[in-house]
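*Asks:* Here the numbering used here is used: the first residue of the sequence shown is 23, the next is one more, and so on.
Don't read these hints as lab results, they were simulated from the structure. Model, not experiment: these values are computed from the prediction. Heads up, the beta-carbon is just placed ideally off N, CA and C, and yes, glycines get one too. Incorrect hints may appear among the rest.
[What the hints assert, rightly or not] Label pairs and their in silico Cβ distance ranges:
id: 1; residue 1: Thr-101; residue 2: Asp-212; range: 25 to 31 angstroms
id: 2; residue 1: Ala-100; residue 2: Ser-132; range: 19 to 25 angstroms
id: 3; residue 1: His-242; residue 2: Gly-265; range: 21 to 27 angstroms
id: 4; residue 1: Lys-221; residue 2: Asn-276; range: 42 to 48 angstroms
id: 5; residue 1: Lys-93; residue 2: Asn-129; range: 19 to 25 angstroms
id: 6; residue 1: Glu-177; residue 2: Thr-139; range: 16 to 22 angstroms
id: 7; residue 1: Glu-239; residue 2: Thr-101; range: 31 to 37 angstroms
id: 8; residue 1: Thr-204; residue 2: His-184; range: 24 to 30 angstroms
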Amino acid sequence: MKKSIIIFGTSLVILSVLYFGITFFNSNDTNIPNSVADKTLAIEHQTNTGPIKNNIPDLYYGVDTRFAAIKKSEIAKATTIYDFLNEGEKQQIEHIYSVNIVVIKDNRQSELQAFGTQDRLTDEQLKLIRSRDYFNHFTIRTEFRGKNLETGVKEDKFFGPHITVVPETQATYVNGKDALLTYLKDNSKDAMSIIENDKLGAIKLSFIITKDGKVSEVNHDAMTTGDPSIDKKLIELLKNIPGKWTPAKNADGNNMEQELVFTFGPRDGC
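Construct the complete structure from the given sequences, taking the supplied hints into account.
*Replies:* Following this line, the structure appears as C-alpha cells:
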C-alpha cells in the first residue's frame, strides 16, 4: 500500500513539473530572461544586416598628361621663366638666385641641363627646351628670395614645375572626361572591397591614344596599389574603355598619337 502511494505521489510531482515547464515556454516573451532576449536580438540583428564590409577610403581617379601641359607653339614664344609659372608663383619672386632647366627621362632627372642666373632664359636654355619633342618632359628649378603670401615674411624658396610637351590639339574622350572617370570608378568598386585598414598605395598607368582614336600600350608606369588584383583590374579597365576618342593633332592638323597617364590612389596621397 505504501509503495503504491509513493509511486502515485512521484507521478504527480513529475506531471506538475512538465505542466509548469510547458506553460513557461509558451508564455509571453516578456517572461523570457533579459540575457536570453538580448542574445536572441543580437542573433536576429546579425542575420538581417549581413557581414560588415571594409570602408573604402576616399580615392582619387585622374586621367591627364604626365606633367603640366605646354604646347610646342607656346615654348617657341617663351623667353623667361615667367612663361612657365602661374600668377601666384610670379607674385612671390623678388630676387632670383638661379634657374636650372633639366630634361626628365624615365621619370628621373637626366644630365641634359642648362643653367642660368636670371629670369630671362639663356640661348642655351631656349635651345634645350625648344629641341624637346612631343611628350618629352623637363623641369625648371628656380631658386629665389621671395615673400610668403600667407605670412608676408621674406624667405629663400624654390619652384620646380614639371612640364610635358603636348600637341596643339590634345586627344579627348568623345563622351567627356567626367564619363570616363565615372566608368573607371563604377567598374572598380568591387575590387576595392578587399582594402583593409585603408592600406592602399598610389599607381600610375600610362597608355596611348592612337591616330585612329583607340587605346593601346597600357603600361604599369610607376608605383603600385600594393595589391596585384587591384593593379590588374585597373589595367583591364583602361584596355577596355568603351566609346571613342578624338585623336590628337599636330600644328599641321594631322592626327598623331598621344600619351596619357591614369593616376589612382588615396586622395591624400596623390
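*Asks:* Next step is simple, just say for each hint if it's right about the structure.
*Replies:* Hint check:
Between Thr-101 and Asp-212 the CB atoms are about 52 angstroms apart, so this pair departs from the stated range of 25 to 31 angstroms. About 20 angstroms separates the C-beta atoms of Ala-100 and Ser-132, a value consistent with the hinted range of 19 to 25 angstroms. A beta carbon spacing of about 24 angstroms between His-242 and Gly-265 agrees with the range 21 to 27 angstroms that was offered as a hint. For the pair Lys-221 and Asn-276, the supplied restraint of 42 to 48 angstroms holds, since their beta-carbon distance comes to about 47 angstroms.
Between Lys-93 and Asn-129 the beta carbons are some 22 angstroms apart, a value that agrees with the proposed interval 19 to 25 angstroms. Distance hint check: the CB atoms of Glu-177 and Thr-139 are about 20 angstroms apart, consistent with the given range 16 to 22 angstroms. Distance hint check: the CB atoms of Glu-239 and Thr-101 are about 36 angstroms apart, consistent with the given range 31 to 37 angstroms. As the Cβ distance of Thr-204 to His-184 is approximately 28 angstroms, the hint placing it in 24 to 30 angstroms holds.
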